[in-house]
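As they're listed, the protein sequences go chains C and A. Read in order, the letters of the first sequence are residues 1 to 45 in my numbering. Read in order, the letters of the second sequence are residues 46 to 682 in my numbering.
In case anyone wonders, no lab produced these hints; they're calculated from the structure. The beta-carbon is built from N, C-alpha and C at its ideal position, and this holds for glycine as well. Just so you know, not all the hints are guaranteed correct.
Derived list of chain C stretches under chain A, where covered just means 3 residues or more per stretch with a C-beta under 8 angstroms from a C-beta of chain A [unchecked claim]:
{"hint": "1", "segment": "3-9"}
{"hint": "2", "segment": "14-24"}
Far from chain C, some chain A residues (derived; all Cβ distances over 12 angstroms) [unchecked claim]:
{"hint": "3", "residue": "74"}
{"hint": "4", "residue": "83"}
{"hint": "5", "residue": "116"}
{"hint": "6", "residue": "127"}
{"hint": "7", "residue": "503"}
{"hint": "8", "residue": "606"}
Label-pair distances were calculated between CB atoms; the ranges are [stated by the list, open to error]:
{"hint": "9", "chain 1": "A", "residue 1": "407", "chain 2": "C", "residue 2": "12", "range": "38 to 48 angstroms"}
{"hint": "10", "chain 1": "A", "residue 1": "504", "chain 2": "C", "residue 2": "8", "range": "50 to 60 angstroms"}
{"hint": "11", "chain 1": "A", "residue 1": "593", "chain 2": "C", "residue 2": "12", "range": "16 to 26 angstroms"}
{"hint": "12", "chain 1": "C", "residue 1": "19", "chain 2": "A", "residue 2": "454", "range": "25 to 35 angstroms"}
{"hint": "13", "chain 1": "C", "residue 1": "19", "chain 2": "A", "residue 2": "589", "range": "46 to 56 angstroms"}
{"hint": "14", "chain 1": "A", "residue 1": "558", "chain 2": "C", "residue 2": "19", "range": "55 to 65 angstroms"}
{"hint": "15", "chain 1": "A", "residue 1": "348", "chain 2": "C", "residue 2": "8", "range": "26 to 36 angstroms"}
{"hint": "16", "chain 1": "C", "residue 1": "12", "chain 2": "A", "residue 2": "397", "range": "31 to 41 angstroms"}
{"hint": "17", "chain 1": "A", "residue 1": "443", "chain 2": "C", "residue 2": "8", "range": "55 to 65 angstroms"}
{"hint": "18", "chain 1": "C", "residue 1": "12", "chain 2": "A", "residue 2": "459", "range": "49 to 59 angstroms"}
{"hint": "19", "chain 1": "A", "residue 1": "659", "chain 2": "C", "residue 2": "19", "range": "30 to 40 angstroms"}
Here is what each chain is made of, one letter per residue.
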Amino acid sequence: MKHPLYTALGALLCLYLATANQRGWSLLSQISPSHWITSGRGIHK
Amino acid sequence: MSIRTYDCPQCGAPVKFQSSIAVFVVCEHCRSMVVRRDANVESMGTMAELPPDLSPLQIGTRGEWQGSAFELVGRVRVEWEEGSWTEWCALFPNDKTGWVAEAQGFFMVSFETSEPALPSAPGELEPGASLRVAGRPWTVVDVKRATCLAGEGELPFVAPPGQQRLGADLTGADGAFATIEFYDGEAPRLYVGSYAEFEELRFANLRPVPGWTADTEQIRYQTSALNCPSCGAAVKLRAAGQSMAAVCGSCGSIIDIANPQWQVVQKGDEKARKLNGLLPIGVRGQLQDVDWEVIGLVRRADKYSSWQEYLLFNPWRGFRWLVTYKGHWSWVQRVPDIGDLSGQRIRLDGRDFRLFAKGEARVKDVLGEFYWKVKRGEVAELEDYIRPPEVLSKETYPGLKEFTWSLGEYLEHTAVAGAFGIKEMPVPAGPYLNEPNPFANKTGPVWGRALLFIAILFVIQLIFAAGTGERPIFDGDYVFTRAEPPAVVTTPHFQVDGRQGPVRLAVTAGVDNQWIGFDFDLVNAQTNETFPAQLEVSYYHGYDDGEWSEGGQTNSVSVPAVPAGEYFLNVETDADPALQQLTWHLAVTRGGLFWSNFLIGVCVLLAYPIYLSIRRHGFERQRWSESDFSPYGSSDD
Numbered sequence: 001m002k003h004p005l006y007t008a009l010g011a012l013l014c015l016y017l018a019t020a021n022q023r024g025w026s027l028l029s030q031i032s033p034s035h036w037i038t039s040g041r042g043i044h045k
Numbered sequence: 046m047s048i049r050t051y052d053c054p055q056c057g058a059p060v061k062f063q064s065s066i067a068v069f070v071v072c073e074h075c076r077s078m079v080v081r082r083d084a085n086v087e088s089m090g091t092m093a094e095l096p097p098d099l100s101p102l103q104i105g106t107r108g109e110w111q112g113s114a115f116e117l118v119g120r121v122r123v124e125w126e127e128g129s130w131t132e133w134c135a136l137f138p139n140d141k142t143g144w145v146a147e148a149q150g151f152f153m154v155s156f157e158t159s160e161p162a163l164p165s166a167p168g169e170l171e172p173g174a175s176l177r178v179a180g181r182p183w184t185v186v187d188v189k190r191a192t193c194l195a196g197e198g199e200l201p202f203v204a205p206p207g208q209q210r211l212g213a214d215l216t217g218a219d220g221a222f223a224t225i226e227f228y229d230g231e232a233p234r235l236y237v238g239s240y241a242e243f244e245e246l247r248f249a250n251l252r253p254v255p256g257w258t259a260d261t262e263q264i265r266y267q268t269s270a271l272n273c274p275s276c277g278a279a280v281k282l283r284a285a286g287q288s289m290a291a292v293c294g295s296c297g298s299i300i301d302i303a304n305p306q307w308q309v310v311q312k313g314d315e316k317a318r319k320l321n322g323l324l325p326i327g328v329r330g331q332l333q334d335v336d337w338e339v340i341g342l343v344r345r346a347d348k349y350s351s352w353q354e355y356l357l358f359n360p361w362r363g364f365r366w367l368v369t370y371k372g373h374w375s376w377v378q379r380v381p382d383i384g385d386l387s388g389q390r391i392r393l394d395g396r397d398f399r400l401f402a403k404g405e406a407r408v409k410d411v412l413g414e415f416y417w418k419v420k421r422g423e424v425a426e427l428e429d430y431i432r433p434p435e436v437l438s439k440e441t442y443p444g445l446k447e448f449t450w451s452l453g454e455y456l457e458h459t460a461v462a463g464a465f466g467i468k469e470m471p472v473p474a475g476p477y478l479n480e481p482n483p484f485a486n487k488t489g490p491v492w493g494r495a496l497l498f499i500a501i502l503f504v505i506q507l508i509f510a511a512g513t514g515e516r517p518i519f520d521g522d523y524v525f526t527r528a529e530p531p532a533v534v535t536t537p538h539f540q541v542d543g544r545q546g547p548v549r550l551a552v553t554a555g556v557d558n559q560w561i562g563f564d565f566d567l568v569n570a571q572t573n574e575t576f577p578a579q580l581e582v583s584y585y586h587g588y589d590d591g592e593w594s595e596g597g598q599t600n601s602v603s604v605p606a607v608p609a610g611e612y613f614l615n616v617e618t619d620a621d622p623a624l625q626q627l628t629w630h631l632a633v634t635r636g637g638l639f640w641s642n643f644l645i646g647v648c649v650l651l652a653y654p655i656y657l658s659i660r661r662h663g664f665e666r667q668r669w670s671e672s673d674f675s676p677y678g679s680s681d682d
């Protein structure tokens, strides 16, 4: 198989998306500070 | 085959005419030229000695051409201004005579063909001209005067040494080859055939080649060593009979070796003796399963740079070149059957080549021997067309009525080092004109795989989107009143059902050029597990070079991975200092999907192919920065 690492990455992403949708996970909330994703508060202060 | 035997008029030895149409035989005992006239034979003098050569063919060699067997019965060695070649007379069944021309490792098989519409004079033919003979179109490749040097065996015409003719070589489609020969006082003759590979001709009864065939190895260096006419040093030839010029390793003089009477054509100087290549002259190496011997080295230069070209020889395969520049190597061979093509793009066998370089190249230094009469200072007009890893080069020599094409293929420097046992091989520097783009082969397949996975991700997302609609589970109206410390609102308990998933909190507030912010704690009433979330509702608008607005009076936030259970919300509110009191509405829904998961997946998948595309493009830009014909614009940009 050509590009096995990239293929493995694609397969993992498919698996992760299915699992995240199943469990109601948010990848964004896991990789980012919660205030950064959920609120823009302070912008207009 | 009707063999007639006569007595040689000179020595009395038997002289055989194997073909009924043979009229000329060189007596193999006394080299008398015996001519058959009616029932008698007569001698017309003695044939000159054939110069030594390393051709694997000999009188009596058998072969096959397009299913028809033949035997070589005679040959003439022909010389022209810049070189020489051998015409082998081949006897086919039913006394049919054909010709196998052997020149610089190329073989051309042709047959005399009657053609009433031949040009009457060679002056009508110029290289590049088109004409139609033998029912098909042709392009004139070169026109040259040739002289018979010597011959042996039998021939269908008289060919004494010194006999001259003008010949025009033509090339047609699919490797077709033709020659029109003009003899003084005779009608022109047309020979039509095609180029052939050594293996195609299925030769048998080949001559053992000194220095190459195993049982003649011991006499390798005894074949051709003569003395330099300038300094007297011995000059060994490694491609005797094929080489036209040799450089004296002692004084650097270039010697014309086409004739047995060697002549200095260019004196050597101190600089000429200093040329020192990575591959020594005489070293042998195996490339593409064939043994090659380095027999010559030429350094050429254009107005920008200089490079080295090694000439390699194998008696059965002819000549090849190894061209090297800044650690890059190309494996090059002449392509005989291309017409006078030029332009920004040219097409060869369905492959498009793009013009990369055009200009004069000058021979700076030479070492070893060559199949043409090389000279220092010799200038050729050079055009390079690329289709990495291939490069197609056209050389035109001023004053010569011909152009030559060669096709090169990029060769890894490690392959050259391995073939010739070079321990310290320079590493290639920078992209080279025909160096394969290291990202080109990856980019397309990786893009294909990326699009496939994006499609799969999209399908997964659609499947879940269809099965997880949002359902309202709670809503209520609340009032923000400025207080210190801020008041915390606690909602009534509500039921979150179904499997673990998101809970979305949506707030609608009548802000007007104001903001209001919420800190939510979604608390499981049984376990006290808390899910925090923050949200701001802000809406600004006004006139500033026109009407503008920003934000809105509704906003929402999704809380991920909330298990089923009984929950309530603790809400702490903060707001714009100008805001003292405001009613806001809270709506809580269960279900839905995070599309950010899908978008992050797409971004991760696209990162690698985008990186490859950028690197591929960068490599090409760097490659073409060396060209005057860059598709990316001027190299001075």
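Taking the hints in turn, this is what the structure says about them:
1. 3-9: holds (count 4)
2. 14-24: holds (count 9)
3. 74: Non-interface label on residue 74 of chain A holds, nearest chain C Cβ at 68 angstroms vs cutoff 12 angstroms.
4. 83: Fine: 75 angstroms to the nearest Cβ keeps residue 83 of chain A off the interface.
5. 116: 52 angstroms, holds
6. 127: Per Cβ check, residue 127 of chain A is outside 12 angstroms of chain C; nearest 49 angstroms; holds.
7. 503: 10 angstroms, violated
8. 606: 5 angstroms, violated
9. A:407 <-> C:12: 38 to 48 angstroms: For residue 12 of chain C against residue 407 of chain A, whose Cβ atoms are near 59 angstroms apart, the range 38 to 48 angstroms is violated.
10. A:504 <-> C:8: 50 to 60 angstroms: Once the Cβ atoms are compared, 19 angstroms apart, the range 50 to 60 angstroms for residue 8 of chain C and residue 504 of chain A is violated.
11. A:593 <-> C:12: 16 to 26 angstroms: 44 angstroms, violated
12. C:19 <-> A:454: 25 to 35 angstroms: Cβ of residue 19 of chain C to Cβ of residue 454 of chain A: about 49 angstroms, so the range 25 to 35 angstroms is violated.
13. C:19 <-> A:589: 46 to 56 angstroms: Holds: the Cβ-Cβ distance is about 47 angstroms, inside 46 to 56 angstroms.
14. A:558 <-> C:19: 55 to 65 angstroms: At roughly 44 angstroms between Cβ atoms, residue 19 of chain C and residue 558 of chain A fall outside 55 to 65 angstroms, so the hint is violated.
15. A:348 <-> C:8: 26 to 36 angstroms: Given range 26 to 36 angstroms: violated, Cβ gap about 51 angstroms.
16. C:12 <-> A:397: 31 to 41 angstroms: 40 angstroms, holds
17. A:443 <-> C:8: 55 to 65 angstroms: Check passed, 60 angstroms falls within 55 to 65 angstroms.
18. C:12 <-> A:459: 49 to 59 angstroms: 35 angstroms, violated
19. A:659 <-> C:19: 30 to 40 angstroms: Given a distance of about 32 angstroms, which is inside 30 to 40 angstroms, the answer is holds.
Checked against the numbered hints above, the structure breaks hints 7, 8, 9, 10, 11, 12, 14, 15 and 18 and satisfies the rest.
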